[in-house]
Amino acid sequence: MGEVILTMKGIDKSFPGVHALDHVDLEVRRGEVHALMGENGAGKSTLMKVLTGIYTKDSGTITYEGKEVEFHNPKEAQEAGIVIVHQELNMMNHLTVAQNIFIGREFMKGILIDDAKMNEEARKLFRQLGIDIDPAEKMGNLTVGKQQMCEIAKAISHEAKVIIFDEPSAALTEAEIEELFKIIRDLRDKQLGIVYISHRMDEIKVITDRVTVMRDGGYVGTLITADCTKSDIINMMVGRVIYEEPKTHSMVAPDAPVVLKVEHLNAGKMVKDVSFELHKGEILGFSGLMGAGRTETARAVFGADRKESGDIYVNGKKVEINSPEDAVKCGIGYLSEDRKRYGIVVGKSVAENSTMASLLDFVSGLFIDKKKEVEVTQKYIDRLKTKTPGVDQLVVNLSGGNQQKVVIAKWLVKNCDILIFDEPTRGIDVGAKSEIYHLMNELAAEGKSIIMISSEMPEILRMSDRIVVMCEGRKTAEIDIAEATQEKIMHAATLR
Amino acid sequence: MQTKKSGNAFTNNPVVRAIGLQRIVVVLAVILEAVLFSILSPKFRQYATVVSILDYSYYISFMAIGVTFCLISGGNDLSVGTGMICYALAGGFLVQQMGWPVWAGMLVTILMGLCFGTLNGVMVAIMNLPPFIATLCTMLITRGFGSIITGGMAVSWPSRKGVGGWFRSLFKIIGTGESIPKGTIIPVGFAIVLACIIIMTIVLNKTRVGRYIIAIGSNKEAARLSGVNVVKYQMMAYIISGFFAGLAGIAYSATFSSSVAPGTGAGLELDAIGGAIIGGTSMTGGQGSIIGTLLGVFVMSLLKTGLPYVGLQANWQQIITGIVLIVAIYIDVLKNRKTAH
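Chains A and B, in that order, are what the protein sequence lines are. With the numbering used here, letter number 45 in the first sequence gets 45, and the count goes up by one each step, no holes. With the numbering used here, letter number 24 in the second sequence gets 1024, and the count goes up by one each step, no holes.
These aren't lab readings, by the way, just hints derived from the structure by calculation. All values reported here derive from a predicted model rather than from experimental measurement. Every clue listed holds true.
Dumping the calculated BS3-like pairs for lysine-lysine here, alpha-carbon to alpha-carbon at most 30 Å:
id, chain 1, residue 1, chain 2, residue 2
1, A, K269, B, K1335
2, B, K1220, A, K75
3, B, K1232, A, K138
4, A, K75, B, K1206
5, A, K317, A, K307
6, A, K340, B, K1220
7, A, K124, B, K1220
8, A, K49, B, K1232
9, B, K1232, A, K75
10, B, K1232, A, K109
11, A, K117, B, K1220
12, B, K1206, A, K124
13, A, K117, B, K1232
14, A, K67, A, K9
15, B, K1206, A, K109
16, B, K1220, A, K49
17, A, K109, B, K1220
18, B, K1335, A, K307
19, A, K385, A, K340
20, B, K1220, A, K138
21, A, K117, A, K75
22, B, K1335, A, K272
23, B, K1335, A, K138
24, A, K161, B, K1220
Using the sequences and the accompanying hints, generate a full structural model.
Following this line, the structure appears as structure tokens:
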């Protein structure tokens, strides 16, 4: 490790309603790979966006190569030598590799672009990195791994001094990761400063020299990787004080029947051999980090995405679910994490949204029985304590929490006994949150069975009777609430 | 090196790869069309038919070259059909009613195209309107504007024998018996089209303008983050389209002796867009070629010329054009589904 090249000190950033970064520090030296770790929403990406000028910081200082700097956009940061290799690759698939690398600063011969020179320069870069890629190949024909190598080559061609890798290994195969690590070590030996963001604990141990941990927008600490254990890092990541009382034991009767059984479910790249059972009256928490495949599992069970294999049993009977329609017939309701896109029609009234899934029950003759619709809607407004001036209010005018209640009403009207809540309190303020929790507990007590996908650890511990933990498409743990701890869950969520 | 390519011996053949499978298929389609019409109608087999096919191909080609740039940028331009007529009306009106020289009328025609192209560019690139809607509105505006300029009257550009009739010889030389035998037709317009094809192929593949238009159509956000001025180059695509709609207006006025009528032109843009898509330009942006577009245009112009010979008049032509377009777009959709993972 060489001298310090980049210091971020006391970085503070607030968005309306969220204190995203609370006096965060980060120090990167030349010739080190510095891991940046934290749960979803810990503020890692926000910090990097502040660094590269996508966000403006509220306070704090950034010192780069001994001078205080402030970048106003990624291009300025790039010109200074700070480059991000993004998780979602920023590539133009229809252009060649060389054309991508030199986009915006083409070599010219008069008014014409000198593609031959660009290919030559790209070839030099690849040779320097020890990568075998044809610069004249179309970017779209490369594997994700090779595309990432091209991004790195592009970063280097900008004479980068600090390269930030944002979850680079998420989409790579084992062999590609090996190649990536080789390149990263090379870059480190060339005295570049490297920031490595990843959830994979094992990788952190292998590739990084130091690790900085963030939690809930705050700075927790920096350790020398070689001197700490996996548990040390996990403890730092989850070591928060939980104010809400976690559940201490399961509320489900030991002899409660299994209402939903999923066996060996496979769907796409994100769901691999997932099996679980859901009991009557149970709240089953699904925990895991971003990209663990929880939503994908729920969507496959619900029939929203195609599944390759796997059996689903509802109340002990095997069922074929190939579309959401099939799922709803089996009594399964899905409350999407993206309410506005999949849950409600914002421009329609509370009544119209409440009866949307079961409209046929409200038709008499050719017309919709408005009276019945109003009656039933009002019943659920009262029961869920939805705050709305009336059944005719447009859903767009309700608060997030009340919108969520309308979605719940929709599935209750449809008589769904199995409810899948995907991030039920995302974008909902604290007061409404506890109301939703209360409601879910009530529903469970009445005998409804709930699957709750949540990225918030306190929420998982407070609500679940049992917890399924997923990591990269696989179920890695199933923990009874009586034995669940943050550390156990995080351990299972970062198994790779 | 590991790539995702797959295919059979034919599609992996280096010659086939170099020319492009799609282009080979389109050439075969053109030949098949010609053979089919020749068999069904003996009258089709004559030189006059070739001239007629070319006459149609000129203005469609020009529109299609411009539209290809819009499509590659990830947009579209529906205004080229009515626009072309509007610009030709404006230029022709000045020549016929105001006594302007023909060259000035031609200049105005192209300038009008540039203006409306810029308008489209402003709406799409700066105001961020969806290209489909923005250019659909321009389609209406140009149709109305053309009528207003001429007071609802049709406009006749100078006839071949009239003052300024020389401009018709830009596209078609008809022998007068002096140096060229009387009645012999030389379709010189094809040379102009070819020149444009070559120039625009270079612009698309070898200049910043073309490179950035492809980049924007491929991944606009990535282009922006790479420091490409996406507003400027997205606008450029529409300005190019406007310029070529102007050229198309001139070609239309020069090749057809009938007058240019206000209120017409709607639907012609589909010949151009269809030609581009048949030629391998993608509706989703990022890919396309000018040569492919030319080949696609010939598919369309052969249809236009050939269908009347086999007894299928205007209404049937529209139905068949519609079906051809559906097939071409569906092939494009399938192609993109295959490349998306």
